[in-house]
Amino acid sequence: EAGVAQSPRYKIIEKRQSVAFWCNPISGHATLYWYQQILGQGPKLLIQFQNNGVVDDSQLPKDRFSAERLKGVDSTLKIQPAKLEDSAVYLCASSETGGAAFFGQGTRLTVV
Amino acid sequence: GDSVTQMEGPVTLSEEAFLTINCTYTATGYPSLFWYVQYPGEGLQLLLKATKADDKGSNKGFEATYRKETTSFHLEKGSVQVSDSAVYFCALISFGNEKLTFGTGTRLTIIP
Chain H
1105 EAGVAQSPRY KIIEKRQSVA FWCNPISGHA TLYWYQQILG QGPKLLIQFQ NNGVVDDSQL
1165 PKDRFSAERL KGVDSTLKIQ PAKLEDSAVY LCASSETGGA AFFGQGTRLT VV
Chain C
12 GDSVTQMEGP VTLSEEAFLT INCTYTATGY PSLFWYVQYP GEGLQLLLKA TKADDKGSNK
72 GFEATYRKET TSFHLEKGSV QVSDSAVYFC ALISFGNEKL TFGTGTRLTI IP
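Those protein sequence lines, which keep their order, are chains H and C.
1105 is the number of the first residue of the first sequence in the working numbering; add one for each residue after it.
12 is the number of the first residue of the second sequence in the working numbering; add one for each residue after it.
In case anyone wonders, no lab produced these hints; they're calculated from the structure.
Just so it is clear, the structure is predicted and the values come from calculations on it, not from any experiment.
One should not assume that every hint holds.
Said to hold, decoys possible - Each computed DSSO-like pair below joins lysine-lysine, with the alpha-carbon atoms no more than 27 Å apart: (1) K1175/H to K63/C; (2) K1182/H to K1166/H; (3) K110/C to K67/C; (4) K1182/H to K110/C; (5) K1119/H to K1182/H; (6) K1148/H to K1166/H; (7) K1119/H to K1187/H; (8) K110/C to K63/C; (9) K67/C to K1115/H; (10) K1175/H to K1119/H; (11) K1115/H to K1187/H; (12) K1115/H to K1148/H; (13) K63/C to K79/C; (14) K1119/H to K1166/H; (15) K79/C to K1148/H; (16) K1187/H to K1148/H; (17) K1166/H to K63/C; (18) K63/C to K1148/H.
As the list claims (entries may be wrong) - Ranges of calculated distance between the beta carbons of each label pair, as one might list FRET restraints: (19) L1174/H to A28/C: 46 to 54 Å; (20) S14/C to G1202/H: 13 to 21 Å; (21) K1166/H to E27/C: 46 to 54 Å; (22) E80/C to V1159/H: 25 to 33 Å.
For every residue, glycine included, the Cβ atom is placed at its ideal position computed from N, Cα and C.
Generate the whole structure from the sequences, applying the supplied hints.
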């Protein structure tokens, strides 16, 4: 069974630039999560989708971050404009409703 | 709201030592409980899970028992190996809100 796919694996951008991350969840998984993991910390939930609807985006900095999940499958997370403090690993995960989440390898973002 | 509290790290043990990493939780509803592991430079991997009281999850020699009376899900292993060096995260999903909540993680280092 294919796992959660994320791209790119690494990205370096200058502050105030924009960046986008892509996630393809496990086939059939209705729930999709985006997490931000700053070095040395636990994952912080940014947004959670159930199919193509948003369940929780309370910790998403909406002035600069946006996410969408068209057709309830793939998802894109965008940052515009990026700040230095956005440097982190961005993790995508998917699950069957109420089930264990399976994570992708993550995208390591460095903002310089 | 839901929360997970893990024992403070880092934890350093000698090979073949007994491991316990404490995890307690607060949740509305009746959660499912998980342990995830993150090896250096990799994404999070599901290690084990338990979905109801007194369930024991186990994998790769690790075990954790869902204790509703003490709201705990402590991770144990009888004899650790150098390859177990990683960061371990306790997590829960509450029935109803489907939000995956993580603890802060415990870094484990095993010395030969």
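Going down the list of hints, with the structure as the test:
no., hint, result
1, K1175/H to K63/C, "33 Å, violated"
2, K1182/H to K1166/H, "10 Å, holds"
3, K110/C to K67/C, "22 Å, holds"
4, K1182/H to K110/C, "22 Å, holds"
5, K1119/H to K1182/H, "14 Å, holds"
6, K1148/H to K1166/H, "15 Å, holds"
7, K1119/H to K1187/H, "5 Å, holds"
8, K110/C to K63/C, "17 Å, holds"
9, K67/C to K1115/H, "40 Å, violated"
10, K1175/H to K1119/H, "31 Å, violated"
11, K1115/H to K1187/H, "14 Å, holds"
12, K1115/H to K1148/H, "20 Å, holds"
13, K63/C to K79/C, "8 Å, holds"
14, K1119/H to K1166/H, "17 Å, holds"
15, K79/C to K1148/H, "25 Å, holds"
16, K1187/H to K1148/H, "17 Å, holds"
17, K1166/H to K63/C, "36 Å, violated"
18, K63/C to K1148/H, "25 Å, holds"
19, L1174/H to A28/C: 46 to 54 Å, "50 Å, holds"
20, S14/C to G1202/H: 13 to 21 Å, "19 Å, holds"
21, K1166/H to E27/C: 46 to 54 Å, "50 Å, holds"
22, E80/C to V1159/H: 25 to 33 Å, "30 Å, holds"
Checked against the numbered hints given earlier, this structure breaks hints 1, 9, 10, 17; the rest are met.
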